[in-house]
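Going down the list, the sequences are from chains A and B. Using my numbering, the first residue of the first sequence is number 1, and each one after it goes up by one. Using my numbering, the first residue of the second sequence is number 1, and each one after it goes up by one.
Simulated from the structure, these hints should not be mistaken for laboratory data. All residues carry an ideal CB built from backbone N, CA and C; glycine is no exception. Do not rely on the hints blindly, as some may be mistaken.
[Stated by the list, open to error] In silico DSSO-like links for lysine-lysine, alpha-carbon gap of 30 Å or less:
id : chain 1 : residue 1 : chain 2 : residue 2
1  : B       : K93       : A       : K12
2  : A       : K544      : A       : K733
3  : A       : K12       : B       : K92
4  : A       : K613      : A       : K682
5  : B       : K81       : A       : K12
6  : B       : K46       : A       : K35
7  : B       : K81       : A       : K35
8  : B       : K92       : B       : K81
9  : B       : K65       : A       : K77
10 : B       : K65       : A       : K12
[What the hints assert, rightly or not] Some residues of chain A that are not near chain B, with every Cβ distance over 12 Å (derived):
id : residue
11 : P142
12 : T172
13 : L182
14 : G229
15 : V302
16 : E303
17 : R318
18 : H338
19 : L662
20 : D732
21 : I818
22 : A822
23 : Y869
24 : P876
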Amino acid sequence: MNWFQQLFGRRKIYGDLSEEIRQHLVEKTDALVAKGMSRADAELTARREFGNVTGIEEQGREAWLVPFIDSLYADSKYAFRQLRKNFGFTLTAIVTLALGIGATTAIFSLVNTVLLQPLPFPAPERLVWMSQQDHSLPGVQPETLSYPDFFDWRASQHSFDGIAAYAGTTVTLVTQREPRHLDAAVVSSEFFRVLGTAPMIGRDLRPEDEKAGNRAVMLSYSLWQSAFGSAPDIASRTIRLGDQDYAVAGVMPKNFEFPINSPATTMWISVAHDAEGKDPKTGQRGFENLEVIGRLKSGATVEQAKADLSLIAANVARQNPDSNKWYTSALVEPELEHLTGDTRPALRILFGSVMLVLLMACANVAGLLLARGSRRGAEFALRASLGASRAVIVRQLLVESVALSFCGGIAGIVLAYGLLRGMVTLVPLDIPRMASTSIDGTVLAFVVLVSIITGLLFGVLPALRMSQQSRPGQLMREGSRTVAGGRGEHRIHNVLVVAQTAIGLVLLVGSGLLIRSFVHILNVNPGFDANHVLTARVDVSFNKLNHDQHVQFYNRLIERLAVMPGIESVSAGWPLPMSDSNASVSFSIEGRNTAKGDRPNESAGVVLPGYFKTMRIPLISGRAFGERDTTHAPPVMIVNQAFARKYFPHEDPLGKHIQVGLGDGVIDHPMREVVGIVGDIKRRGLTAADPEPQYYLPFSQALITNPYLTIRTTGDPSALRGSLRAAVEEIDKSVPIYQVSTLENYVSRSAAQPRFQTLLLSCFAAIALVLAAIGLYGLLSYMVAQRTLEIGLRMALGAKKADVLNMIVWRGLTLALIGLGAGLAISGMMTRVLSGMLYGVEPSDPMTFAGMTGVLLFVSLAASSIPAYRAAQLDPIETLREQ
Amino acid sequence: MPTVPSKKTDQRDLFRGALEMMILRSLQREPMHGYALVQHIQQRSKDLLQVEEGSLYPALQRLLKEGLLKAEWEISASNRKVRTYRVTPAGKKHLDREISSFERMLEAISLVLSPASNES
Numbered sequence: 001m002n003w004f005q006q007l008f009g010r011r012k013i014y015g016d017l018s019e020e021i022r023q024h025l026v027e028k029t030d031a032l033v034a035k036g037m038s039r040a041d042a043e044l045t046a047r048r049e050f051g052n053v054t055g056i057e058e059q060g061r062e063a064w065l066v067p068f069i070d071s072l073y074a075d076s077k078y079a080f081r082q083l084r085k086n087f088g089f090t091l092t093a094i095v096t097l098a099l100g101i102g103a104t105t106a107i108f109s110l111v112n113t114v115l116l117q118p119l120p121f122p123a124p125e126r127l128v129w130m131s132q133q134d135h136s137l138p139g140v141q142p143e144t145l146s147y148p149d150f151f152d153w154r155a156s157q158h159s160f161d162g163i164a165a166y167a168g169t170t171v172t173l174v175t176q177r178e179p180r181h182l183d184a185a186v187v188s189s190e191f192f193r194v195l196g197t198a199p200m201i202g203r204d205l206r207p208e209d210e211k212a213g214n215r216a217v218m219l220s221y222s223l224w225q226s227a228f229g230s231a232p233d234i235a236s237r238t239i240r241l242g243d244q245d246y247a248v249a250g251v252m253p254k255n256f257e258f259p260i261n262s263p264a265t266t267m268w269i270s271v272a273h274d275a276e277g278k279d280p281k282t283g284q285r286g287f288e289n290l291e292v293i294g295r296l297k298s299g300a301t302v303e304q305a306k307a308d309l310s311l312i313a314a315n316v317a318r319q320n321p322d323s324n325k326w327y328t329s330a331l332v333e334p335e336l337e338h339l340t341g342d343t344r345p346a347l348r349i350l351f352g353s354v355m356l357v358l359l360m361a362c363a364n365v366a367g368l369l370l371a372r373g374s375r376r377g378a379e380f381a382l383r384a385s386l387g388a389s390r391a392v393i394v395r396q397l398l399v400e401s402v403a404l405s406f407c408g409g410i411a412g413i414v415l416a417y418g419l420l421r422g423m424v425t426l427v428p429l430d431i432p433r434m435a436s437t438s439i440d441g442t443v444l445a446f447v448v449l450v451s452i453i454t455g456l457l458f459g460v461l462p463a464l465r466m467s468q469q470s471r472p473g474q475l476m477r478e479g480s481r482t483v484a485g486g487r488g489e490h491r492i493h494n495v496l497v498v499a500q501t502a503i504g505l506v507l508l509v510g511s512g513l514l515i516r517s518f519v520h521i522l523n524v525n526p527g528f529d530a531n532h533v534l535t536a537r538v539d540v541s542f543n544k545l546n547h548d549q550h551v552q553f554y555n556r557l558i559e560r561l562a563v564m565p566g567i568e569s570v571s572a573g574w575p576l577p578m579s580d581s582n583a584s585v586s587f588s589i590e591g592r593n594t595a596k597g598d599r600p601n602e603s604a605g606v607v608l609p610g611y612f613k614t615m616r617i618p619l620i621s622g623r624a625f626g627e628r629d630t631t632h633a634p635p636v637m638i639v640n641q642a643f644a645r646k647y648f649p650h651e652d653p654l655g656k657h658i659q660v661g662l663g664d665g666v667i668d669h670p671m672r673e674v675v676g677i678v679g680d681i682k683r684r685g686l687t688a689a690d691p692e693p694q695y696y697l698p699f700s701q702a703l704i705t706n707p708y709l710t711i712r713t714t715g716d717p718s719a720l721r722g723s724l725r726a727a728v729e730e731i732d733k734s735v736p737i738y739q740v741s742t743l744e745n746y747v748s749r750s751a752a753q754p755r756f757q758t759l760l761l762s763c764f765a766a767i768a769l770v771l772a773a774i775g776l777y778g779l780l781s782y783m784v785a786q787r788t789l790e791i792g793l794r795m796a797l798g799a800k801k802a803d804v805l806n807m808i809v810w811r812g813l814t815l816a817l818i819g820l821g822a823g824l825a826i827s828g829m830m831t832r833v834l835s836g837m838l839y840g841v842e843p844s845d846p847m848t849f850a851g852m853t854g855v856l857l858f859v860s861l862a863a864s865s866i867p868a869y870r871a872a873q874l875d876p877i878e879t880l881r882e883q
Numbered sequence: 001m002p003t004v005p006s007k008k009t010d011q012r013d014l015f016r017g018a019l020e021m022m023i024l025r026s027l028q029r030e031p032m033h034g035y036a037l038v039q040h041i042q043q044r045s046k047d048l049l050q051v052e053e054g055s056l057y058p059a060l061q062r063l064l065k066e067g068l069l070k071a072e073w074e075i076s077a078s079n080r081k082v083r084t085y086r087v088t089p090a091g092k093k094h095l096d097r098e099i100s101s102f103e104r105m106l107e108a109i110s111l112v113l114s115p116a117s118n119e120s
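Go ahead and model the full structure; you've got the sequences and the hints to work with.
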């Protein structure tokens, strides 16, 4: 019989033992009666000779006990009985703990999913991200690679089993049904091998798929299902993307996802896609748009790889000074780190804050336990006199507190689940992997661990304290009320309350800073008016329509939209501010001699007439683009104020000539005249630093991509989606519309991360505030209850209600003030970690510090006045009589 | 109230394991139930060993737990419901080992206690 069966088969064993002993006594009695003894005497003698029946039975049972487990079991049973008996106390403690553990668990699941979980590929630790480094700018500036750069790196590197390049793109999938606009990626032939994942159906991409004419595509599982009905013969088909055919190489397994972003990539297209046409990207060293990943050789380190690639980059830079002069070294970091780099500090801070909340919850429950413990003094004294050692009492109290925190943990999981649901809907789309956050085994293990640690943490002080009371001599004394109560336990309780106030203030100040920073962000003037603007793109084929037809398509579309009801003005432009799209293009200013490799580059845009008016970007001087700026009219451009300041500090840029390194195949790099200056805008997002130089070209003279339609409406912009669809279909039914969204949406998304952080930290601060108030309230209520007799005496001796009120409130305020002092000092040191997340607010912002101190002081005052008021209402006569 | 079970042995007059040894030895000769076992030990020791009747039972439980004995409810010759103990093979091995080490110890003790003669 193993110990486990023994543990549960014991009821029978014990039954057998009792029965056996009973039979023994019967037999003995019978034997004695047979010898002539009377039955009564015989029974007595049998018992006497047998010994202490109960004691012997107990000793017999002890043979079967597993000492540690059994006493723990008994302790837990007792603990739960105690918790049930004090339901009010238990509920308060569990709710407090659930808040702490729940919040901690939610944030931990987030950290676990986003930062800790390895990437879902074989040997993920060997996957790295790499780029070249742009030394023309201060700091660490990664720069993507061009195809020729990548080909050079791939041919010369020694540190990797393979490296692969990819670039996001969009395609129009043409099937029998209506055309679909989809997110895709162009990938080099080793892409799937580097990620260590083979296609589920079909073949891998091959090196020859990089050559012009060999267009191949790998489908994602979900696209294979949704667009091709999971056709088993898919690998032998060709599909139509835009107006070209692609051979389907295969289908990737269900959960394969890379690059990891949303919306998910639906297909991976071979490099042949970029190797065709008149001036293919695969031959342009200046066209840098490739992200590169690699799988390190086993044993190779990131440092070795970096040295290896830097050598190659330096070589390439020497041989191609026109394009690569400044890209003299390489950057390499583990892919997981690269992916999560931006969110790491924010998540760390959130996790730290939530730990503080948990700590406060612990302090709170410790206070509750202390208050309750003093009422259980008699119980422990009784136990001690019955022979329980101090260790036994401490152990039992700790079992009680761990049982309590387990209940809190279970409630916390429920709470965490709800919090996560809420958080995922608030999610800024750019936190990778966040949407898949869930409560998994790791998280549950974390909850168990946190519950145990929490239980020990808040249990240990009260347990040690109470076990001191359990000296048998205390038995009589504790039964009656004393005037002062235990001094030591008051001291611990005070320290707990001070600590809670201090931690609470740290959290309040932190969230206050974030809130102020967020308000600043919301009040930032982006330089354009984002209200009432609907934006969308249409996928006009560059191959089907020629340059003029393409421009004409937009002119006709804008004409049609402009006369529709509810539309104030319409135009189009690229890049749309805060849409994450951008192109930095080099240029040279007439009359200034700069070597080709040293040419400045700034953010370039292409816009249709009416763009600045529709966006409400102010025209500072000169003119905006108009009807006359056609493809064959004199080439022109407009610059913004920051551009004018940087490149023409002492001159008027109007009338100056600039040659921009941007061609569309029809208009190639002409010298352009600056005809206007417009206001600066926040292109990257509300929190972007100084305004950056930008210049704009007319769409008709630089047809490089399909621009974003910008439709300023008189009412709700979303209501015009239907009008937009109708207008497009009137011109061409086969043109898909995509990225339909309001401009406001882009702006608010650019503030999504600060909003997320601010909201969460404010939640934690609110919980902290409540906990701090409850802690102080609990202590003072307990104190009043303990000192009822004293207060009654004081009043009988002439103290007024006001005196009593003052006494209690003053006690509360003293503790609060000490806590606030400590909290201010800690906040002063801690808020510096927030500086990277703050916008327009100093980490030491005195307004925030003062305001939050005021809030907490006020709450402390309120928390103190309730018990104080209750004390002042005591009737001295009745109080004394009761005692 | 929970307490740590004490490991104190209950037969202070006997050295450790002696009672167990006697039980195993007696049961090896003949399977018996508790009452009969007590009678047997007292008779065999000619009442020199005053074993408290009850103290047999904790010892029996320990031997059961270690798998040295097994027990079964039976009806005795005198038509009583009795729990009869038998020695298991493991119990037999254990007994042999205990007896040989006991004999060695007895020998050593008697050597020490015997009057010194042939040393000087």
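Tested hints:
no. : hint            : in the structure
1   : B/K93 - A/K12   : holds (28 Å)
2   : A/K544 - A/K733 : holds (14 Å)
3   : A/K12 - B/K92   : holds (26 Å)
4   : A/K613 - A/K682 : holds (17 Å)
5   : B/K81 - A/K12   : holds (17 Å)
6   : B/K46 - A/K35   : holds (20 Å)
7   : B/K81 - A/K35   : holds (21 Å)
8   : B/K92 - B/K81   : holds (26 Å)
9   : B/K65 - A/K77   : holds (26 Å)
10  : B/K65 - A/K12   : holds (13 Å)
11  : P142            : holds (63 Å)
12  : T172            : holds (74 Å)
13  : L182            : holds (67 Å)
14  : G229            : holds (66 Å)
15  : V302            : holds (55 Å)
16  : E303            : holds (57 Å)
17  : R318            : holds (79 Å)
18  : H338            : holds (55 Å)
19  : L662            : holds (83 Å)
20  : D732            : holds (83 Å)
21  : I818            : holds (41 Å)
22  : A822            : holds (41 Å)
23  : Y869            : holds (42 Å)
24  : P876            : holds (41 Å)
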